[in-house]
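Visitor: Listed here are the chains, written in short residue letters.
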Amino acid sequence: MDLRFTGEEQAFRAEVRAFIRAHLPAGFSQKLKQGRKLTRDEQTEWTRILHAKGWSAPHWPVEWGGTGWDPVKQMIFRDEIQQFPAPELLSFGVSMVGPVIYTFGSEAQKKRFLPRILTLEDWWCQGFSEPGAGSDLAALKTRATREGEHYILDGQKTWTTLAQHADWIFVLARTDPAAKKQQGISFLLVDMKSLGVTLRPIEMIDGSHEINEIFFDSVRVPVENLVGEENKGWDYAKFLLGNERHGQARIGLVKARLRRIRELAAGVPDGGRPLLENHTFRRKLAALEIQAKALEMTLFRVVADERDHEKGKPNPATSILKIRGSELQQATTELLMEVIGPAACLHHDDAGPEGYDWARGSMASYFNLRKLSIYGGSNEIQRTIIAKQILGL
Amino acid sequence: MDFTLTEEQQLLKDSVTRFLGDTYDFAARTTILATPEGQSAAVWAGFADLGLLGLPFSETDGGFGGGAVEIMLVMEAMGRALVVEPYLAEIVLTGAILRHAASVEQRAALIPALAAGECRMAFAHADPEARWHLAHVGTHAARVRGGYKITGEKVHVPFGAQAHRLIVSARTSGLIGARTGIGLFLVEADAPGVTRIEHRTQDGARIADITLSDVFVPDEAVLGDTAGALPAIERAYDEVIAALASEAFGVMDEAVSMTVEYLKTRQQFGVAIGSFQALQHRAAEMFVVLEEARSMAAYATMALSETDAAARSCAISAVKAHIACAARFIGQQAIQLHGGIGVTMEYKVGHLFKRLTVIEQQFGDRDHHLDLLANAESLLESL
Ligand SMILES: Cc1cc2nc3c(=O)[nH]c(=O)nc-3n(C[C@H](O)[C@H](O)[C@H](O)COP(=O)(O)OP(=O)(O)OC[C@H]3O[C@@H](n4cnc5c(N)ncnc54)[C@H](O)[C@@H]3O)c2cc1C
Chain G
16 MDLRFTGEEQ
26 AFRAEVRAFI
36 RAHLPAGFSQ
46 KLKQGRKLTR
56 DEQTEWTRIL
66 HAKGWSAPHW
76 PVEWGGTGWD
86 PVKQMIFRDE
96 IQQFPAPELL
106 SFGVSMVGPV
116 IYTFGSEAQK
126 KRFLPRILTL
136 EDWWCQGFSE
146 PGAGSDLAAL
156 KTRATREGEH
166 YILDGQKTWT
176 TLAQHADWIF
186 VLARTDPAAK
196 KQQGISFLLV
206 DMKSLGVTLR
216 PIEMIDGSHE
226 INEIFFDSVR
236 VPVENLVGEE
246 NKGWDYAKFL
256 LGNERHGQAR
266 IGLVKARLRR
276 IRELAAGVPD
286 GGRPLLENHT
296 FRRKLAALEI
306 QAKALEMTLF
316 RVVADERDHE
326 KGKPNPATSI
336 LKIRGSELQQ
346 ATTELLMEVI
356 GPAACLHHDD
366 AGPEGYDWAR
376 GSMASYFNLR
386 KLSIYGGSNE
396 IQRTIIAKQI
406 LGL
Chain W
25 MDFTLTEEQQ
35 LLKDSVTRFL
45 GDTYDFAART
55 TILATPEGQS
65 AAVWAGFADL
75 GLLGLPFSET
85 DGGFGGGAVE
95 IMLVMEAMGR
105 ALVVEPYLAE
115 IVLTGAILRH
125 AASVEQRAAL
135 IPALAAGECR
145 MAFAHADPEA
155 RWHLAHVGTH
165 AARVRGGYKI
175 TGEKVHVPFG
185 AQAHRLIVSA
195 RTSGLIGART
205 GIGLFLVEAD
215 APGVTRIEHR
225 TQDGARIADI
235 TLSDVFVPDE
245 AVLGDTAGAL
255 PAIERAYDEV
265 IAALASEAFG
275 VMDEAVSMTV
285 EYLKTRQQFG
295 VAIGSFQALQ
305 HRAAEMFVVL
315 EEARSMAAYA
325 TMALSETDAA
335 ARSCAISAVK
345 AHIACAARFI
355 GQQAIQLHGG
365 IGVTMEYKVG
375 HLFKRLTVIE
385 QQFGDRDHHL
395 DLLANAESLL
405 ESL
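Protein chains in written order, with my numbering: chain G, 16 to 408; chain W, 25 to 407.
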């Protein structure tokens with residue numbers, strides 16, 4: 016057992032960091048630090064910079080544009096991106112639908128869609144959840160009825176992240192209404208420009224436009240856009256959801272935020288002294304740093320396990336990463352807000368004097384990141400997975 | 025020991041609740057927030073008609089002689105309805121400054137107009153560097169013939185940009201942070217040398233950053249002792265924190281009710297999600313925390329009649345630290361148990377959560393008050 020990174024891994028980390036420093040467009044990092052969103056063009060620009068280096072889909076098979084990095088290197092890459100911070104790759108294409116397509120899709124689908132994901136020529140979004148099907152995803156009602164060479168798609172999806180930018184959406188739809196819950200669902204690729212697709216923005220509590228409702232009204236989807244077999248969509252969805260083994264911890268973001276907190280606290284006045292000299296505050300910061308370390312070591316174990324063993328079934332231990340990763344991100348936004356103090360209450364959209372730039376967005380990020388324990392399988396659902404699948408209760 | 029309300033108190037509670045029920049549902053609030061002022065003159069006039077604006081002032085000053093219990097009842101109702109109008113800042117806080125620092129003549133001149141809703145007032149106290157330390161006053165009042173000239177910066181003054189008159193704290197002597205040497209000055213908001221910049225806050229309220237440069241204040245406009253205002257300021261802040269605790273309780277009560285209702289109606293896996301024991305226990309914990317918060321709000325209300333200022337302030341710090349914790353837990357859980365709909369703007373529970381988050385910070389966060397308490401006598405020995 017040796018918990019240290021090898022010399023090669025350390026050199027790799029330095030290479031990634033140097034690349035980001037040299038190539039990340041100006042202003043992106045600052046935006047991310049303030050919890051602001053990149054525009055579609057900015058996300059695309061960065062993806063193409065990574066693509067030019069061959070890094071826009073690190074975990075993919077090399078033949079489709081992947082890097083061949085082992086899980087440890089993939090983790091280091093992600094960690095460096097998050098810590099910088101630089102924009103993370105858009106997960107819907109690279110991490111969600113891409114692997115489904117290269118694992119279960121037809122040759123034609125692979126050739127058509129995969130290259131366009133690498134360059135973000137196609138922006139994908141995820142059409143799983145519905146108003147009546149959240150945690151209970153298999154309760155979904157959207158229907159696809161075969162009519163000659165098309166499926167006719169009817170129904171509604173909701174909470175669809177960044178669908179306003181999307182060219183394509185991958186949809187779970189019921190193709191066999193007679194079959195029970197998980198059976199009779201198919202995985203369809205739908206062009207957002209199709210006739211009968213409408214989108215309604217949902218405003219989030221921080222005022223941002225991040226999520227949407229999508230309505231399908233007799234949308235014609237060519238049969239060639241069915242992935243794999245009809246009525247097997249649930250299996251592909253499970254593969255997709257379990258695929259992201261260690262991406263959930265996002266420990267790099269936590270470390271970056273903790274550093275920012277320490278930096279700010281050195282300058283924030285607390286009745287004549289910097290807040291960083293306040294013992295109560297220092298203990299709190301130390302406690303979060305400990306939690307970050309515990310999560311990071313757990314992440315290392317999961318990643319090493321993945322490297323050392325055959326890629327098998329999704330590891331239920333990833334639920335630990337999801338629970339603690341989301342909680343720790345939330346806890347660090349809480350502390351960030353606390354450091355800033357009274358100025359944290361200012362609304363982030365207000366022009367205001369330049370003087371408040373340092374405080375901008377802390378409370379808004381805190382509001383926004385409540386989503387982390389709700390989506391991607393809520394933390395309650397993750398605890399149920401641990402109880403049932405690991406503990407056998 | 026008696027926790028029951030008198031007939032008049034029950035009447036007050038009912039009339040405020042009815043008024044807000046009729047005029048201040050979530051849709052009405054959303055409309056008010058979208059106006060340029062971010063508050064409603066009609067609602068304020070309604071408060072005046074109900075006697076709420078004059079409530080905490082004595083009858084001889086032109087008020088209705090209400091006490092801490094009456095304010096508690098009003099604030100609870102305001103919390104449930106998520107009222108953005110600055111009742112807390114203007115009537116409770118600024119009102120307390122008038123009650124505790126102004127002379128009889130000054131009170132007679134100011135309170136009737138305030139109670140009628142005709143003159144809007146704000147208390148400008150916070151220094152940019154103070155965080156929440158009340159004695160950290162950097163604004164300076166220099167003696168000149170016939171009065172004072174005030175220079176300095178005040179931040180986060182609730183609805184300060186819309187007030188007609190400001191009460192400004194300023195240092196007449198002593199170093200920043202010293203307990204003596206602070207005075208209170210009545211400043212016309214449009215006086216030469218006053219600049220105000222308005223900001224929105226995350227809970228929909230408005231605050232102002234105010235710069236004063238050589239603002240002349242005549243001797244008649246000094247409230248009380250020019251060097252001994254801190255005790256009155258501290259007392260006013262204790263009162264506003266007690267009122268805030270009651271508001272917080274109202275907000276939390278609404279959040280818990282909405283959540284419990286949602287658990288009963290939202291179906292997943294073929295059943296109401298409230299049938300899952302994990303969520304039942306969470307809801308039960310929310311209820312426990314809520315009831316403790318109600319107790320602490322009552323404790324704060326009671327503590328205000330304590331004559332020993334140090335004991336009173338200890339009790340209030342304890343309440344604020346406790347309420348901040350409760351507000352965070354209940355706010356977060358209310359969102360969590362609602363799932364996706366909880367993080368949307370169109371649904372009230374997110375706004376309750378946002379108000380609770382701002383409440384955590386207002387007048388000192390949990391750590392600030394824990395620090396104050398930790399440096400004082402044991403709470404058990406004080407009150
Ligand atoms: C910001 C955001 C972005 C999203 N983006 C997307 C997207 O791009 N695409 C997409 O398809 N979906 C997306 N989602 C949807 C997300 O996956 C769902 O919100 C999530 O599955 C929860 O479903 P729900 O919101 O319907 O809540 P519900 O399932 O109704 O849950 C409500 C509460 O009940 C709890 N609960 C439910 N069942 C159980 C149980 N059996 N035991 C214990 N507790 C339970 C939940 O944990 C939660 O606390 C997004 C959601 C959010 C908030």
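I should point out that these hints are in silico values taken from the structure, not numbers from a laboratory.
Hints are supplied without guarantee of correctness; some may be wrong.
Said to hold, decoys possible - Computed cross-link-like contacts, DSS-like style, restricted to lysine-lysine with a CA-CA straight-line distance of at most 27 Å:
1. K48(G) with K126(G)
2. K126(G) with K195(G)
3. K403(G) with K288(W)
4. K247(G) with K48(G)
5. K308(G) with K270(G)
6. K372(W) with K196(G)
7. K299(G) with K253(G)
8. K52(G) with K270(G)
9. K372(W) with K52(G)
10. K88(G) with K247(G)
11. K288(W) with K195(G)
12. K173(W) with K156(G)
13. K126(G) with K196(G)
14. K247(G) with K403(G)
15. K270(G) with K247(G)
To be verified - Calculated Cβ distances over 12 Å to all of chain G for the following chain W residues:
16. Q33
17. A65
18. L303
19. I359
20. Q360
Here a beta-carbon is modelled for each residue, glycine too, at the ideal position from N, C-alpha and C.
Visitor: Are K126(G) and K196(G) close enough, with their CA atoms no more than 27 Å apart?
Guide: violated, 32 Å
Visitor: Run the distance test for K270(G) versus K247(G): straight-line Cα separation, threshold 27 Å.
Guide: The given pair, whose Cα atoms are some 40 Å apart, is violated under the 27 Å limit.
Visitor: Given the hinted pair K52(G) and K270(G), is their Cα-Cα distance within 27 Å?
Guide: holds, 20 Å
Visitor: When you check the alpha-carbon spacing of K372(W) and K196(G), does it fall within 27 Å?
Guide: Cα-Cα ~33 Å, so violated.
Visitor: Straight-line Cα separation of K88(G) and K247(G) no greater than 27 Å?
Guide: Between K88(G) and K247(G) the Cα gap is close to 33 Å, so the pair fails against 27 Å, i.e. violated.
Visitor: Given the hinted pair K299(G) and K253(G), is their Cα-Cα distance within 27 Å?
Guide: Roughly 38 Å between the alpha carbons, so the hint for K299(G) and K253(G) is violated.
Visitor: Between the alpha carbons of K372(W) and K52(G), is the straight-line distance 27 Å or under?
Guide: holds, 25 Å
Visitor: Is it true that the CA of K173(W) sits at most 27 Å from the CA of K156(G)?
Guide: violated, 71 Å
Visitor: Hey, K288(W) versus K195(G), does the alpha-carbon distance stay inside 27 Å?
Guide: holds, 26 Å
Visitor: Is K247(G) close enough to K48(G), meaning Cα to Cα at most 27 Å?
Guide: violated, 41 Å
Visitor: Q360(W) clear of chain G by more than 12 Å, beta carbon to beta carbon?
Guide: violated, 6 Å
Visitor: For the pair supplied as a hint, K308(G) and K270(G), is the alpha-carbon distance within the 27 Å limit?
Guide: Cα-Cα ~9 Å, so holds.
Against the hints set out earlier in the document, violations occur for numbers 1, 2, 4, 6, 7, 10, 12, 13, 15, 18, 19, 20.
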